[in-house]
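Counting with our numbering, you get residues 24 to 337 for the letters of the sequence shown.
Rather than coming from a laboratory, the hints here were simulated on the basis of the structure.
Worth double-checking, as some hints may not be accurate.
If you anchor each label on the Cβ, the simulated ranges turn out as follows [what the hints assert, rightly or not]:
#1 270 / 294: 52 to 58 Å
#2 192 / 98: 16 to 22 Å
#3 230 / 169: 27 to 33 Å
#4 211 / 56: 35 to 41 Å
Where a beta carbon is used, it is the ideal one built from N, C-alpha and C, also for glycine.
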Amino acid sequence: MAQKNLHTAKQQKLDEFYTQIGDIERECSRYREQFRGKVIFLNCDDPVESNFWRYFALNFTRLGLKKLIATHFDREKSTYKLELTGDMNEDGTVNDDDIVKTQLKQNGDFRSDECIEILKEADIVVTNPPFSLFREYVAQLMKYDKKFIIIGPKNAITYKEIFKLIKENKLWLGYGFKAGNAYFATPHAKEFAAGVYDEKTGLVKFRNAGWFTNLDTTKRHEELTLFKQYNTGEYPKYDNFDAIEVSKVANIPVDYDDPMGVPITFLDNYNPEQFEILGNLGSYAPDGYSLASAIYIKNKKIFKRILIRRRQQS
24 MAQKNLHTAK
34 QQKLDEFYTQ
44 IGDIERECSR
54 YREQFRGKVI
64 FLNCDDPVES
74 NFWRYFALNF
84 TRLGLKKLIA
94 THFDREKSTY
104 KLELTGDMNE
114 DGTVNDDDIV
124 KTQLKQNGDF
134 RSDECIEILK
144 EADIVVTNPP
154 FSLFREYVAQ
164 LMKYDKKFII
174 IGPKNAITYK
184 EIFKLIKENK
194 LWLGYGFKAG
204 NAYFATPHAK
214 EFAAGVYDEK
224 TGLVKFRNAG
234 WFTNLDTTKR
244 HEELTLFKQY
254 NTGEYPKYDN
264 FDAIEVSKVA
274 NIPVDYDDPM
284 GVPITFLDNY
294 NPEQFEILGN
304 LGSYAPDGYS
314 LASAIYIKNK
324 KIFKRILIRR
334 RQQS
């Protein structure tokens, strides 16, 4: 059986990955106050099966939501949307009896005119969008200036469209999956190799999936503790770019103020008040702080790096 991961799944458009409710609760509970009084839209979910719908419907009152909307998608025919606005039948609780189902004229694709009109009404979008359409999906959220919490492939960080948003502090990583492991149900599970697909649980496990958001997080304001001091022996310069190599986030020097290349895992600890993202190395090159070609140290190729600089402390 061929080895597959999230990247190959994206390439082959195996987009049916269903998030576990525990993972949804673990991430979304951290934004509780930001959900209050808001219209939440789940535009890439089957509301009958979706754990996103289940989480927000069960916690509608606790989260203080104004409205919950989900659209169903069907490739071949028109479909429907579900809405929840509170205790409509006045039986003292918000439950399935309060759900309003409305027929759509189109198929529920997030790009359809109907779904875009619903998107305009929404305050926050929460979902696991198709991996193969991640760029297009994020572009739509930005076009309509929406807040969001979404799941995507971690390698999307290196996409030029996504990296630009990260650099401009318009998008960042959320709190993340427990121990970095994301578990999904999928009808394609048996196409994945042992170690990715677990026969006991029926789930696939990816370490290269993450939460992306533009809602504020507490971790975004936590200062990374630095304890290493710069020395030329431990921090060599790249052969083809004027910056030093920092091979581990934990080794960022406390006393170096010029550009340095760090692993993309740095974004899990990125505090924009402590560091400035300048560009990237080994990917696309939109400006003088980036290098599209591979980077080298003593003729040895180095993996893609994010170029950062420590902000001067006042």
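Verification of the hints:
In this structure the hint that residue 270 and residue 294 lie 52 to 58 Å apart at CB is violated, the actual value being about 20 Å. Between residue 192 and residue 98 the C-beta distance comes to about 37 Å, which lies outside the given range of 16 to 22 Å. The beta-carbon spacing between residue 230 and residue 169, approximately 28 Å, falls within the hinted interval of 27 to 33 Å. One distance hint, 35 to 41 Å for the beta-carbon pair residue 211 and residue 56, holds here, with the actual separation near 37 Å.
The structure shown violates the earlier hints numbered 1 and 2.
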